[in-house]
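Please construct the entire structure, taking both the sequences and the accompanying hints into account.
Chains A and B are the protein sequences, given in the same order. My numbering applies: residue 2 is where the first sequence begins, and numbers increase by one. My numbering applies: residue 2 is where the second sequence begins, and numbers increase by one.
Honestly, the hints are just simulated from the structure, not real lab data. Be a bit skeptical, because a hint or two may be false.
For each label pair, taking beta carbons as the anchor points, the in silico distance ranges come out as [said to hold, decoys possible]:
(1) Pro-203/B - Asn-225/A: 53 to 61 Å
(2) Asp-68/B - Asn-357/A: 35 to 43 Å
(3) Pro-203/A - Glu-443/B: 49 to 57 Å
(4) Glu-168/A - Leu-367/B: 28 to 36 Å
(5) Asn-225/A - Asp-96/B: 41 to 49 Å
(6) Asn-357/B - Ala-431/A: 52 to 60 Å
(7) Pro-203/A - Pro-98/B: 58 to 66 Å
Covered by chain B, per the in silico footprint, the following chain A stretches (three or more residues, Cβ under 8 Å) [unchecked claim]:
(8) 148-162
(9) 242-255
(10) 444-450
Glycine is no exception: its CB is placed at the ideal position from the N, C-alpha and C atoms.
The lines below spell out each chain.
Number of protein chains: 2
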Amino acid sequence: MEQTKKFLLPESELPTKWYNILADMKNKPLPMLHPGTKQPMKSEDLYPLFAKDLADQEMNQTDEWIDIPDEVREKLKIYRPTPLVRAYNLEKALDTPAHIYFKNESVSPVGSHKLNSALAQAYYCKKEGVTNVTTETGAGQWGTAMSFASKAFGLELAVYMVKISYEQKPYRRSLMQTWGAQVIPSPSMSTKAGRKIITEHPNYQGSLGTAISEAIELAMSTPNCKYTLGSVLNHVSLHQTVIGLEAEKQMEMTGEYPDVVIGCFGGGSNFSGLAFPFMRHTIKAGKKTRFIAAEPSSCPKLTRGVFEYDFGDEAGYTPLLPMFTLGHNFAPAHIHAGGLRYHGAGSLVSQLLKDNLMEAVDIEQLDSFKAGVLFAQTEGIVPAPESAHAIAAAISEALKAKEEGVSKTILFNLSGHGLVDMTAYDQYLAGDLMNYSLSDQEIKDNTENLEKLA
Amino acid sequence: MEQTKKFLLPESELPTKWYNILADMKNKPLPMLHPGTKQPMKSEDLYPLFAKDLADQEMNQTDEWIDIPDEVREKLKIYRPTPLVRAYNLEKALDTPAHIYFKNESVSPVGSHKLNSALAQAYYCKKEGVTNVTTETGAGQWGTAMSFASKAFGLELAVYMVKISYEQKPYRRSLMQTWGAQVIPSPSMSTKAGRKIITEHPNYQGSLGTAISEAIELAMSTPNCKYTLGSVLNHVSLHQTVIGLEAEKQMEMTGEYPDVVIGCFGGGSNFSGLAFPFMRHTIKAGKKTRFIAAEPSSCPKLTRGVFEYDFGDEAGYTPLLPMFTLGHNFAPAHIHAGGLRYHGAGSLVSQLLKDNLMEAVDIEQLDSFKAGVLFAQTEGIVPAPESAHAIAAAISEALKAKEEGVSKTILFNLSGHGLVDMTAYDQYLAGDLMNYSLSDQEIKDNTENLEKLA
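And the structure:
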């Protein structure tokens, strides 16, 4: 009998509801605090910044399931449901008894899972009559997603793109412009936050934290404009749960259930999207599954950060969030996985890690590219440098299974492809990339002045 | 009821046989001639250059169906069957009564349909014990496909890449190298053919014709080495028929049958792959369907070329083929659709055009990019500059339907995505691209000394 490689769902199986893990968590995250008053915030307090529906989703602790609007589902059908794939060729190359599956989010027309939330956010903005939106982007995956989503729902978009990525990934800028967005390298002179950091650090290559400050400032000073964000927040993770909900049905088709679920980790969106739907069976039914977030060694908030209140951005415009963080002024090394260069983890993941419902591992840059090239040469798909971190973690689990002589079912999220990141592969193949280490002292310096948790 | 956007086939519906139109053609193409003796060639005469099975397929005029080896089908499953998609959003933007469908070959991990034949060619080479293969590539789509295919079957590959594309599309080079291939810009100093043209034309930016000469020369002078080609030849079109065979089943799922089938046209591989399976119903059952090849105005072999015997390459190493051609020394303008910059059309398509079983249209560069941007903004996928020619032709047909107030079912091949061609879109958006015209005198000068047909 022939082996099935790709497990496909028809469009009729596209989820109709998102899964809201916040409703099921026994220990809810501490509330976000107003940056000025330090008082707990309500969803109304977020209305000036976010579309109302998104702000309400952010704070929703009661509804386990939230309807996906038909208009969003129609657009999701451009690429969803995405395939679940058995990585036979990778298994063979590793000579492992483990079964390795991956959810292939790279088939999205923008090249990553980011479109799942971009379409939802653009829709809710349009629905309340907003005409302009702003956002930031690191590697450019979120920015490209938001560009197409804005075009799809008829919104004008301005994107602040981290300067180092703007230079490393010119094709991303072109993509955003092809979909009609305006792209500004950050830090820029167009905002107070940008001008301040340029003045203080003339050669600053940018960070997601700074780009967020700029995008928020522009949104707050533009009429009929909202801000959108591609990770970290609860509502973003919520929209991403279509990944895990589809994967759950597809794993049923394989006749297996994952022992390990892996996602790379920047702010939490793709990891959460795959993991949360499976985690609900752990929370509610005691199902034994390991959930592993794979972060870069150079930006190790989950493995080496502190758990405190911190800002989501560099300038301190956002609410204070309870998070594992390296400090909002942390400037990560210039690794190519731009989407993972963020100082903090979302509140949901931070709480789940604290409650031992999940684990985290750190991956060196060279190990991530080694894994990425092996994956490209076996499974054909050149992974995004971010996704290569998940692959490296999956390979490590598969090799452990081989060492221990046990079978094991591993599921990871291929959050995106790397076709627009070939400069990074070029440099890796030429031997020009390096690992980056971070001293305990650096982490201490960046985190010792944070707002303490109550 | 919800609209279905993507029509999907399970892996079990992946074709088990290729469709060989040569067996069904009433007028067979004239035989290929030996470049020295001018005598008709047999498949054995091609054995030094091509794997035996491929040479036999090239000459097979009797078998309507040819088995796809299991080893090839296993690798095809990495991305096949590919989706058939209803372009609702494009239809809406055009306000047309036409129904527009496209076969989405861009989901291949190398980004185009080229992998369909690359996997077959690499397999047959491996099967007969070959260790090294050579090829050429224009835009880089075929080269990337052959790079992954060679890695998948354990072959060493050298790719001659047209110099202008090598410079315009650096990411393509990186992709080929990530999959383990050696990439040489053509014309190069590594072959007699390359040295000759460099000497005669010091600033020559290369052409597919020259790159083919170089790849053939390297194959012939390397032990245990075969040459592979991505288009033009019968066996390449044969391998591509998986596209149309799947599309046929998928059109049945829609309840419609195409009135018009469209593919962009360089040497014929993607056009033939989609069109031939539908054309068999025209040949065998008189089904009324229009088949349209969309070629660039700057390289108009089908619409303005002559039908004569000509070489497939610039140096005259290949057999003489009966083809619509602009002359094997024709140096096409530097349009970004590098895959369409080829002087001649394959013998099958040339004969079918002569017999009025199909049509051809020419598309200006600016019209192709305009169509490409509209497609990106509506359907989300940034098309390859080559595929944008097919989109432009489909849009033209859809607008005609609107003008005439008739419904019409249009099917085109989205042969690949343009994520690695963003430089081209950048230049288009900046207003830096232009159309190229070709005078009758230029065509006459290039074609008047060709070998006359018998």
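To see whether the hints hold, each was checked on the structure:
1. Pro-203/B - Asn-225/A: 53 to 61 Å: holds (58 Å)
2. Asp-68/B - Asn-357/A: 35 to 43 Å: Between Asp-68/B and Asn-357/A, where Cβ atoms are some 55 Å apart, the hint is violated.
3. Pro-203/A - Glu-443/B: 49 to 57 Å: holds (55 Å)
4. Glu-168/A - Leu-367/B: 28 to 36 Å: Holds: the Cβ-Cβ distance is about 29 Å, inside 28 to 36 Å.
5. Asn-225/A - Asp-96/B: 41 to 49 Å: violated (28 Å)
6. Asn-357/B - Ala-431/A: 52 to 60 Å: Because 53 Å falls inside the window, the suggested range holds.
7. Pro-203/A - Pro-98/B: 58 to 66 Å: Holds, since Pro-203/A and Pro-98/B (Cβ atoms, about 59 Å apart) stay within the stated range.
8. 148-162: Coverage by chain B holds for the region 148-162 of chain A (3 residues, Cβ < 8 Å).
9. 242-255: With 0 residues closer than 8 Å to chain B, the region 242-255 of chain A misses the three-residue bar; violated.
10. 444-450: Result for this restraint: violated, n = 0.
Checked against the numbered hints given earlier, this structure breaks hints 2, 5, 9, 10; the rest are met.
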